[in-house]
Amino acid sequence: MISMSLVKESSSNTQVKYQRWNIHHRIVHFGILSTFTLCALTGLPLKFHYKGWAQVLAKFFGGGDGLLQWHLVGAVILFIVCAYHLVYSISYAVIKKDFSVGTRPTFKMGRDMVQNIKYFLGKVEEPPKFDRYTYKEFLDYWAVFWGMAIIGGSGLMMWLPEWTMKYFPRWVLDSYRMGHSDEAVLAVLVIFIWHFYNVHFNPDFFPMNYTWWDGNMSEEVMEHEHGAELERIKVNNELSFGLTRMTIVDESDINTPGLK
Amino acid sequence: MCPKNRRTLLAMVLTIIIYLTFLIFGSAVYAEDSLAKAARINEGCLRCHGAQGLKTKFDGNTVSLYVDEEKYKVSMHGTMACTYCHTNISDYPHTKALTGKALVDQVNSECRRCHQDVTSLYKTSIHGQLNKKKGQLNAYCSDCHGIHNIYKKEDLKATIYHSNVIKTCGKCHEEIYEKAYMESFHGKSVFLGGKKAASCVSCHGSHTILGPANPASTVYKDNIPETCAKCHLYPLENFKEGKEHFFLEPKGDGAPMFWTLMFFTWLTIIVVTTLIIHMELELYRKLKNAGTTDVNRRKDVNTDKNYPV
Chain R
5 MISMSLVKES SSNTQVKYQR WNIHHRIVHF GILSTFTLCA LTGLPLKFHY
55 KGWAQVLAKF FGGGDGLLQW HLVGAVILFI VCAYHLVYSI SYAVIKKDFS
105 VGTRPTFKMG RDMVQNIKYF LGKVEEPPKF DRYTYKEFLD YWAVFWGMAI
155 IGGSGLMMWL PEWTMKYFPR WVLDSYRMGH SDEAVLAVLV IFIWHFYNVH
205 FNPDFFPMNY TWWDGNMSEE VMEHEHGAEL ERIKVNNELS FGLTRMTIVD
255 ESDINTPGLK
Chain P
534 MCPKNRRTLL AMVLTIIIYL TFLIFGSAVY AEDSLAKAAR INEGCLRCHG
584 AQGLKTKFDG NTVSLYVDEE KYKVSMHGTM ACTYCHTNIS DYPHTKALTG
634 KALVDQVNSE CRRCHQDVTS LYKTSIHGQL NKKKGQLNAY CSDCHGIHNI
684 YKKEDLKATI YHSNVIKTCG KCHEEIYEKA YMESFHGKSV FLGGKKAASC
734 VSCHGSHTIL GPANPASTVY KDNIPETCAK CHLYPLENFK EGKEHFFLEP
784 KGDGAPMFWT LMFFTWLTII VVTTLIIHME LELYRKLKNA GTTDVNRRKD
834 VNTDKNYPV
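Quick mapping for you: the protein sequence lines, in order, are chains R and P. Per the numbering used here, residue 5 is the first one in the first sequence, and the count goes up by one each step. Per the numbering used here, residue 534 is the first one in the second sequence, and the count goes up by one each step.
The hints are simulated quantities; they were obtained by calculation from the structure and are not laboratory data. Cβ atoms here follow ideal geometry from the backbone N, Cα and C, with glycine treated the same way. Check each hint, because a few of them may be wrong.
Partner residues aside, some chain P positions facing chain R, computed with beta carbon under 10 angstroms [unchecked claim]:
1) L766
2) N771
3) L781
4) L794
5) K819
With the hints as extra help, turn the sequences into a complete structure.
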């Protein structure tokens, strides 16, 4: 309702939107979001069993056995979602013959980070112009890979102790359990402090950055958040990685000078 | 008039019927009587012992003599007379009353009168063997099963219920319970009400419990794979390699786990601190920009489609 009325009100302005996430990306994000929350809610009570809230949560999920059951449900779906992302990305690259990786590490990311921190401290007056992905998003993206390797790998080993024990002595499994829950606490903290700041509590985005929902970003936000990418698009008239496409929300302004 | 032999037959049948009637229902009459008798005895005992705050001094400590009537009545032995176990109490004041270890010894020695089958097993266990030694205080029946609060193991109130038995064992085996078992997945799951994970007795057994050094023990090194296989699919040799109850300490069996924990704890602290510093710096710059005409300040914040103007 709000967005509809806003479009009408701002009909004099061209609303250029850049698609950053197509439906596959958004499904993956939602899949990770929901299963991560479920796994956190059913896993943390085990780590902090002596806390009152942990016992309340455990009771809600049906005691120790219920916690494990729901944790496994979440974990299996999470694995499927991550596999979906990998299969999608690889088949996209093969079919479109585009092997560039949007979130690959670049020297520019390092330079951006240094410049950004200098900007925060007031040493330079100009913030960096970010490319397709900022160094923050780079971190968020690859953290999931690290998390899936550490948490997912150790989780599988604990789920199938009969298999693990064929090849490893007990201390490997017990160490993995420590790693599993501690890495999970790290993940929960990073998500609820760092990621929530970036997409929710950051004054530029509060109450939230809606890209996860509709996949789009307006030109104004693009200028601020991905300036270098926007310039490249404008100069080369070429959309990044084929994943970005432009839509003009306001049809009355479809012929205004801009981008197609 | 009936012939004489028929009257004899009738008398015999009647006698047999009366005899059988007494045989069948006589015991019930007696049982009724013993229940009533127990209730009468208990009423007398609870006249004093049912009062909260009844206590005595023993060895310089204050010992409560209170018995919770409601709890006792619904316990397994709730219909039995107090004096069934407290055999040496027959008068008032209690001239033959025992205290301390003597009392524990006496009451626990009464259990065998009904539970003979268990007593013979218990005597072979490590708890039972040590109790034979004079002056040695060890786990008696009452230490695990409770005293006036004995319930079946399926009962949530029971001290031997799956998620309570770990605390019951932990009363004596404090260090291994708190520092090792409660850090394990089994321990946490059972503590939170899990019924599938192993409690102490799942691996160690109960009345036949033996120390890990005894080759007959379920937790003797070579027997461990079989014991694990009670729940886990097959008896793998690796089940016995390494310690189940390790302490999270920098040296010893728990060292790999301890250092893994340390690594991830410090990783978490460093990563989260770094990210928070980055956040704070960004917010600091945003605060400085606020209200200024800094060109880098987002001017569109309130015109984004999702913000009501």
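The hints, checked one at a time:
1. L766: 5 angstroms, holds
2. N771: 4 angstroms, holds
3. L781: P:L781 check passes; min Cβ-Cβ to chain R is 8 angstroms, inside 10 angstroms.
4. L794: Interface hint status for P:L794: holds (5 angstroms vs cutoff 10 angstroms).
5. K819: 6 angstroms, holds
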